[in-house]
Amino acid sequence: MSEGRGLAASVAAVIAEADALSVGDGQAEALAVLEAGLRRWPGESALADRLIMLHLARQHVQQALDVAWADLEANDGGAPRWGRAAQLASQVGDAERALRAARRAVVADGATAADWSLLASLAFRYNRFEESERAAREAVSRDPGHRSARRLLASILMRLDRNEELVRDLREAVATEPCDAALRHELGCAYAVAGRLAEARQEGRAALDLEPANLDYALFLSGISAQLGHAEEAIEVLRGIVQRAPDDARAHYSLAHLLWGQGDQDAAIFHAAQAASLNPADLGYRDHYVALLEQRTAAPPVARGKASRTPASLFETLSDPEGEAGRRARGRLDQWGGIVFALMLREMRTRHANTRLGFFWAIAEPLLHLSVLAVIFSIFNRGHPPLGEDWFFFYATGVIPFLMWSHVTSNGFHGLISNAMVLQIPAISRLDVLLANALVDLVIAVAMGVVMFWSFWLAGTGPLPRDPLAAVEAIAVLWLFAFGLSVINATVETVNGSWLKIWPSIIRLQYFTAGIFYVPQEMPYWLRDVLVFNPLLQCLEWFRTAFFDQYAPPWLDRRYTVITTLVVIMAGFASEAALRRRQVR
Amino acid sequence: MISFERVHKSFRTLQGRRTVLRDATFELPGGRNLGVLGTNGAGKSTLLRLVAGTEPPNRGRVRRLVRVSFPIGFAGTFHQDLSARENARFLARVYGMPPGRTTDWIADFSELGDYFDMPVKTYSSGMFARLAFSASLAFDFDLYLIDEATEVGDARFRQKCVAALRERLTHSNVIIVSHNPATIRTYCDCGAVLHDGEFHLYDTVDDAMVAYERILRRAA
Numbered sequence: 014m015s016e017g018r019g020l021a022a023s024v025a026a027v028i029a030e031a032d033a034l035s036v037g038d039g040q041a042e043a044l045a046v047l048e049a050g051l052r053r054w055p056g057e058s059a060l061a062d063r064l065i066m067l068h069l070a071r072q073h074v075q076q077a078l079d080v081a082w083a084d085l086e087a088n089d090g091g092a093p094r095w096g097r098a099a100q101l102a103s104q105v106g107d108a109e110r111a112l113r114a115a116r117r118a119v120v121a122d123g124a125t126a127a128d129w130s131l132l133a134s135l136a137f138r139y140n141r142f143e144e145s146e147r148a149a150r151e152a153v154s155r156d157p158g159h160r161s162a163r164r165l166l167a168s169i170l171m172r173l174d175r176n177e178e179l180v181r182d183l184r185e186a187v188a189t190e191p192c193d194a195a196l197r198h199e200l201g202c203a204y205a206v207a208g209r210l211a212e213a214r215q216e217g218r219a220a221l222d223l224e225p226a227n228l229d230y231a232l233f234l235s236g237i238s239a240q241l242g243h244a245e246e247a248i249e250v251l252r253g254i255v256q257r258a259p260d261d262a263r264a265h266y267s268l269a270h271l272l273w274g275q276g277d278q279d280a281a282i283f284h285a286a287q288a289a290s291l292n293p294a295d296l297g298y299r300d301h302y303v304a305l306l307e308q309r310t311a312a313p314p315v316a317r318g319k320a321s322r323t324p325a326s327l328f329e330t331l332s333d334p335e336g337e338a339g340r341r342a343r344g345r346l347d348q349w350g351g352i353v354f355a356l357m358l359r360e361m362r363t364r365h366a367n368t369r370l371g372f373f374w375a376i377a378e379p380l381l382h383l384s385v386l387a388v389i390f391s392i393f394n395r396g397h398p399p400l401g402e403d404w405f406f407f408y409a410t411g412v413i414p415f416l417m418w419s420h421v422t423s424n425g426f427h428g429l430i431s432n433a434m435v436l437q438i439p440a441i442s443r444l445d446v447l448l449a450n451a452l453v454d455l456v457i458a459v460a461m462g463v464v465m466f467w468s469f470w471l472a473g474t475g476p477l478p479r480d481p482l483a484a485v486e487a488i489a490v491l492w493l494f495a496f497g498l499s500v501i502n503a504t505v506e507t508v509n510g511s512w513l514k515i516w517p518s519i520i521r522l523q524y525f526t527a528g529i530f531y532v533p534q535e536m537p538y539w540l541r542d543v544l545v546f547n548p549l550l551q552c553l554e555w556f557r558t559a560f561f562d563q564y565a566p567p568w569l570d571r572r573y574t575v576i577t578t579l580v581v582i583m584a585g586f587a588s589e590a591a592l593r594r595r596q597v598r
Numbered sequence: 002m003i004s005f006e007r008v009h010k011s012f013r014t015l016q017g018r019r020t021v022l023r024d025a026t027f028e029l030p031g032g033r034n035l036g037v038l039g040t041n042g043a044g045k046s047t048l049l050r051l052v053a054g055t056e057p058p059n060r061g062r063v064r065r066l067v068r069v070s071f072p073i074g075f076a077g078t079f080h081q082d083l084s085a086r087e088n089a090r091f092l093a094r095v096y097g098m099p100p101g102r103t104t105d106w107i108a109d110f111s112e113l114g115d116y117f118d119m120p121v122k123t124y125s126s127g128m129f130a131r132l133a134f135s136a137s138l139a140f141d142f143d144l145y146l147i148d149e150a151t152e153v154g155d156a157r158f159r160q161k162c163v164a165a166l167r168e169r170l171t172h173s174n175v176i177i178v179s180h181n182p183a184t185i186r187t188y189c190d191c192g193a194v195l196h197d198g199e200f201h202l203y204d205t206v207d208d209a210m211v212a213y214e215r216i217l218r219r220a221a
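Heads up: the protein sequence lines correspond to chains A and B, in order.
When the first sequence is numbered by the numbering used here, its final residue is 598 and no position is left out of the sequence of numbers.
When the second sequence is numbered by the numbering used here, its final residue is 221 and no position is left out of the sequence of numbers.
Note that these hints are calculated values from the structure, not bench results.
Beta carbons are placed, not taken as given, at the ideal position from N, Cα and C, and that holds for glycine.
Heads up, some of the hints might be wrong.
Cβ pair distances, simulated, as ranges [stated by the list, open to error]:
id, chain 1, residue 1, chain 2, residue 2, range
1, A, Phe586, B, Arg7, 22 to 32 Å
2, A, Leu471, B, Pro100, 31 to 41 Å
3, A, Val508, B, Arg7, 20 to 30 Å
4, B, Pro100, A, Ala489, 25 to 35 Å
5, A, Val508, B, Asp24, 19 to 29 Å
6, A, Gly350, B, Ala183, 35 to 45 Å
Sample of chain B residues facing chain A (criterion: CB under 8 Å; computed from the structure) [what the hints assert, rightly or not]:
id, residue
7, Gly54
8, Asp82
9, Gly97
Input sequences plus hints: build the corresponding full structure.
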């Protein structure tokens, strides 16, 4: 008695020590302590249990099994211990020990349905079907509600091709638990395997009604229904599950299959595409999709193509008042004019969009420019101007056309940049934008000129042009010349992005070489002989002849100027065409 | 309708020269709606610009005998400093339409309210997209060009856009560039695949999709 108590006390001490060690990092030491304890008191179950737990905690199943086995050899442990050993043995794949332990468990005291079920499942796993069936039946007879035993029995019967028996068993089970969806589904499967499809469909329906969101039940029921020729029901079942679980490829795939069989090709292809896109890694779904696409018979056009207008229009269609014929009659030139006009209005509206006075600045800016220039130069020039009576007036005859020329030549490309997006409209070309810009600058220059010369006349400091036609001619030729240069500049700038940094210095140089502040008469003759070939100088001189009727410079060659201008324009268009052809973005 | 004659188009990228079309000759079928499929970077958008004529080919020529739209939903034509009304009026003038009625139509369709007379730069991106889509749909083009995303604003406005576009398509046609088969299926009755400089036309969308699937497989 005293020995027993001393032993137990020591065992308790060992366990306490091992527990204390295993709480920290000392699992290995706890193991050593427990093993030493077992060597001292062989067959002590409490120590063995602790040791098994510790081994399992460290995932050492084999060691746990060895300890358990040694313990069972020393003491007859009863059903729970044998059951545990069987499970450990089956975990490490020791079939012989597992079966032996499980068999001992069911004959030991206190054996339950769970022990029989364990034996059944182990026997089933190791292909001892008769033993397994016997054990499973024993388990079911001890506990009719033991679900895993029932399922095991079903598997065994199915495996052994004893379908009728299986059906009978499952029907009994269903009779006891009619609301178990899994059981009913299994019964349905059993019926299906036995070839009793009508009953299978009934049970499948019952299972799905109990668990409407179960994909497996739905797939089963739709499969059976389809086999029975109830394709509509099958499709309905699948449509329902696709709505509940739209992300499962299987349901879409099955649905596509059934719909195709029903001749609904579009819907089938839709669901096949869904399945393929939900599961892009599965080539099976994609093959199915492609196969359906290839088999589709002459798909009817979805949209109707060119047809008569629908009478009842949701949205009023805007078309020109004259209609199609009128549009043709208006002609290309008219259309093109509309485009350039639209661009001009946009340019005028936006050029000074950030300032409050907008268009006012378009005219005021060159006026200011002219005034400043005139004041500066009138300080240096005394006496009579080379032409007329008034210095201011004389400058104006040079500066106003000159400013138009410089604006047209340099604004064109900036217009292209600020209108880059407009060029994405197919109807608008680069030339349209350049032309619109040039026209805007022409309009501004003419407006400014009219205001200026009218003011001079009102103030009595200058005459109205005696030969207005000459003024118009000169401005027209100068504008054409400037427009040609603008097109060339835009091309050169597009090809070589630094050209527009150089161009302003060329303009500034022209201040002095184009004869603005003095007439070419005052130039050295050797320089004049070269500079008169400048069409800009020619145009300024031409313009002056309109105001000073006694002025007829011998170097003014109108024919030369017009021809040169035409050549420049042609060169501009040619460069634009060449650019269009070889432009690489 | 639109014909490509030995059109060659390539451009330089950081990864070297990329060819969109290699001496391609084909005719886009008249009276049909075409969906163009292609992987990312195949040059679908460039192809649309070639069709529109806003981008010139390196060689060859593109003939078009119809009024081609600017890309639907394309917002770039709007001047930031001008109001939607002024921008709309500009487009109306460009396309030779009565400016008053056109601006009224766009104002009505875009549902921008008082903002219609505010400078476009004050718009939110959603309002901007509404304006862009409305302006594209206002004009009666023979051929509409759509580049991918036509998803605009809230669901209701989007539905309105789809309805309006469908109605336009009863007497006009469309070329859609997309990699969403659903979009193409909605509007198109024939298809094409652009891949590696080759352009292939197919009589049905299905055939094009099959060919496109093959290309995807070969790439995988």
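Contradicted hints - numbers only: none
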